[in-house]
Amino acid sequence: MEERLRIGQRAVAVGMREAEPGRLRLEIDGAVEDLRVVASSGGFHLVEIGGALETLYTARSAEGTWVWHRGRARLIERAPQDRPARPAGATPGAAPVPRGPALPLGAVTPPMPAVVLAVLVEEGQAVERGQPLVVVSAMKTESELTAPFAGTVRSVGARVGAKVRPGDVLVQVEAEGGRHAG
Amino acid sequence: MFRKILVANRGEIAVRVLRTVREMGIRGVAVYSDADGGSPHVAAADEAVALGDPEPARSYLDAGKIIEAARRTGAEAVHPGYGFLSESPSFARAVRDAGLAFVGPPPEAMALLGNKLAARRLLSGRGIPVVPGMFDEEADSARLAAAAREVGYPVMLKAAAGGGGKGMRIVSGPAELPEAARRGASEALAAFGDGSIYVEKVLDRPRHVEFQVLADAHGAVLHLNERECSIQRRHQKILEETPSPALDPELRRRMGEAAVAVARAGGYVGAGTVEFLLAGDGFYFLEVNARLQVEHTITEMATGLDLVRCQIEIAAGLPLGFRQEDVAARGHAIECRIHAEDAANGFLPSPGRILLAREPRGPGIRCDSGIVTGYEVPVQYDPILAKVVAHAPTRAAAIARMIRALEECVVLGVATPVEFLLDVLRSEPFRDGRTHTRFVEEHFAAWRPRADDGLDRLAVLGHVLETGAGRAAASRAVETDARPASPWQRLGAWDMVGGGAWKRG
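Residue numbers (the working numbering), protein chains in the order written: chain A, 15 to 196; chain W, 13 to 517.
Think of the hints as simulated: they come from the structure by calculation, not from any bench.
Backbone N, C-alpha and C fix where the C-beta goes; we use that ideal spot for every residue, glycine too.
Careful: at least some of the hints might be erroneous.
What the hints assert, rightly or not - Distance windows between CB atoms, simulated:
1. W:460 x A:137: 36 to 44 Å
2. W:137 x A:132: 35 to 43 Å
3. A:132 x W:182: 17 to 25 Å
4. A:177 x W:231: 33 to 41 Å
5. A:174 x W:188: 24 to 32 Å
6. W:321 x A:174: 43 to 51 Å
7. W:49 x A:179: 20 to 28 Å
8. W:321 x A:41: 53 to 61 Å
To be verified - Dumping the calculated DSBU-like pairs for lysine-lysine here, alpha-carbon to alpha-carbon at most 30 Å:
9. W:77 x W:16
10. W:213 x A:154
11. W:77 x A:154
12. W:16 x A:177
Make the full structure from the sequences, and use the hints.
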């Protein structure tokens, strides 16, 4: 079994072989790990690695696999098949990988599921870099979403009271001269 | 004693209150919005009334709906929990006018002490030191700016009503003031229905030290020692402990007496908290929280008292059964709040579905929780999911116990501050007790999860065991293993209500 995964900013290539029942050989970016699975069911895994017992809890979501180990949680995502896990010339294990679906430049989206409290701009309006465009509220905390660069508001997709999620384009800003500034 | 009590709240605090209600042989009534149909707090009740629309103003903040629910179910008393209507004098009055008991202070005391400005005016007149700043609310930003100039920047813009850090903002210079005032007033209006704000001086790295007070309807007032709540983010507490590393018996006695004097001055009855800032060798009255607080748990661990039971007995007109000299605090207790929020991203809220949740257990551990596996964390309410409390004979032992408990505290699917809290607990300034309200900004401002190759490898292993080939291999491994099935293979506690099949009502 071979897989290309990413964990945070890091891309890894993973291979797994079953040496004998209960004993797995895991190869992560070329480094070999031999381990014994003591128990594994319902998101609970007890494994023995290098003489030490480790407990892991896991849960699958649309984003990938969440893994918990002693108070620390990490998300493992499958790397897209069309992208090499390690871009040529990059430092092994340190390749930055863009997260989430690609949004057009100047697309303003909430960082978390939220409710729109106020829309501060209109279509066609000129905006400064950092100018507040939309106020959203999540769990009783207000945050302002600001213009990523100076430009013109091309479209406004936000309605007051609407429930919005990351990826929803609330405002589309076009940079001055039709190009984004950086 | 009451035969039936309605709990006008949700989440972990409603669960916590309903537990004591049940222990007292009283029937508990829950209320719930459409977002909370199958929530743990409903499961903790004997009866439940639907409030409809999840929007707080049309559910948990709708006094009319809640009083109607109490009337319809025949409840004799209403416990408001914290947040929502807990500090609304008009709600307390409406409950009383409906012929029901309000489990909280009388509306007059609540109005006087719960309003920070009214309390500042009252107490500075009684010789209790207050933080320098304004004594009246101000909507005009030019006049706010004048007051800010007078006490000197940086200043704190505060909402006169409510608590929990809502509507609070540090303003470092005059240019920021108008916008901060607009946002602060807007947040306060949304959270408390009162947009009044004022300016207070920001003290240099003070500690937040508060005293729990109890007052019965027969004139007895006493305190249950302090809680230090200096570890805060966005002006909201995230870790609390008792006793405070900064108090000696003499300072504790002086502050405790001041707290009792505050409660007496306000005509307080019930359980309440008197908050102080401790800066240099002086302490300053900050505000009264005229309700049960999130962190009441550590006082319960240290004193062995059940504060919700005390509240209910006081509301029923019973006298406190003990005196100040009977109050004995033992050992050290720490609480960590588990919110749905991303500590690596400015503590932004992180609503979503809890894919897996497991409560920590063991000696000296208490976990008050409002979630289970499969629970959908609503976007409309406070991000608090659970509270983990550790109690041990010494501070060092309590820290070690809390670290052990947090390492066992599994929450997958939404971001939580567990890893951040572990780093705080292990840090030298925290272990040394050098805590103050700017602790997080000073030591953990740009906190990120530590890069750890060993953890990354374990995470990859977890993924392999959870999915595909590894899963099959793992199940074969367990089948061929001669040992009997381990109880560890089964999930408990948070997973008990139907596991992944948990559905919202």
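Results for each hint:
Between residue 460 (chain W) and residue 137 (chain A) the beta carbon distance is about 38 Å. The supplied range of 36 to 44 Å therefore holds. Under the hint 35 to 43 Å, the C-beta atoms of residue 137 (chain W) and residue 132 (chain A), about 41 Å apart, fit the expected range. The hinted window of 17 to 25 Å between residue 132 (chain A) and residue 182 (chain W) holds, with their beta carbons roughly 23 Å apart. In this structure the supplied range 33 to 41 Å is violated for residue 177 (chain A) paired with residue 231 (chain W), their Cβ-Cβ distance being about 51 Å.
Take residue 174 (chain A) and residue 188 (chain W): their Cβ atoms lie about 26 Å apart, and the range 24 to 32 Å holds. For residue 321 (chain W) and residue 174 (chain A), the Cβ-Cβ distance of about 45 Å falls inside the hinted range of 43 to 51 Å, so the restraint holds. Taking the beta carbon of each, residue 49 (chain W) and residue 179 (chain A) are about 22 Å apart, inside 20 to 28 Å as hinted. Separated by about 58 Å at the C-beta atoms, residue 321 (chain W) and residue 41 (chain A) satisfy the suggested range of 53 to 61 Å.
Restraint check: the Cα-Cα separation between residue 77 (chain W) and residue 16 (chain W) comes to about 18 Å, which is no more than 30 Å; the hinted pair holds. Taking the CA atoms of residue 213 (chain W) and residue 154 (chain A), the gap is near 26 Å; set against the 30 Å cutoff, the hint holds. At most 30 Å may separate the alpha-carbon atoms for a hinted pair to count; residue 77 (chain W) and residue 154 (chain A) meet this at roughly 21 Å. Of the supplied pair hints, the one linking residue 16 (chain W) and residue 177 (chain A) is violated, its CA atoms being roughly 37 Å apart against a limit of 30 Å.
When the structure is compared with the earlier hints, violations turn up for hints 4, 12 and for no others.
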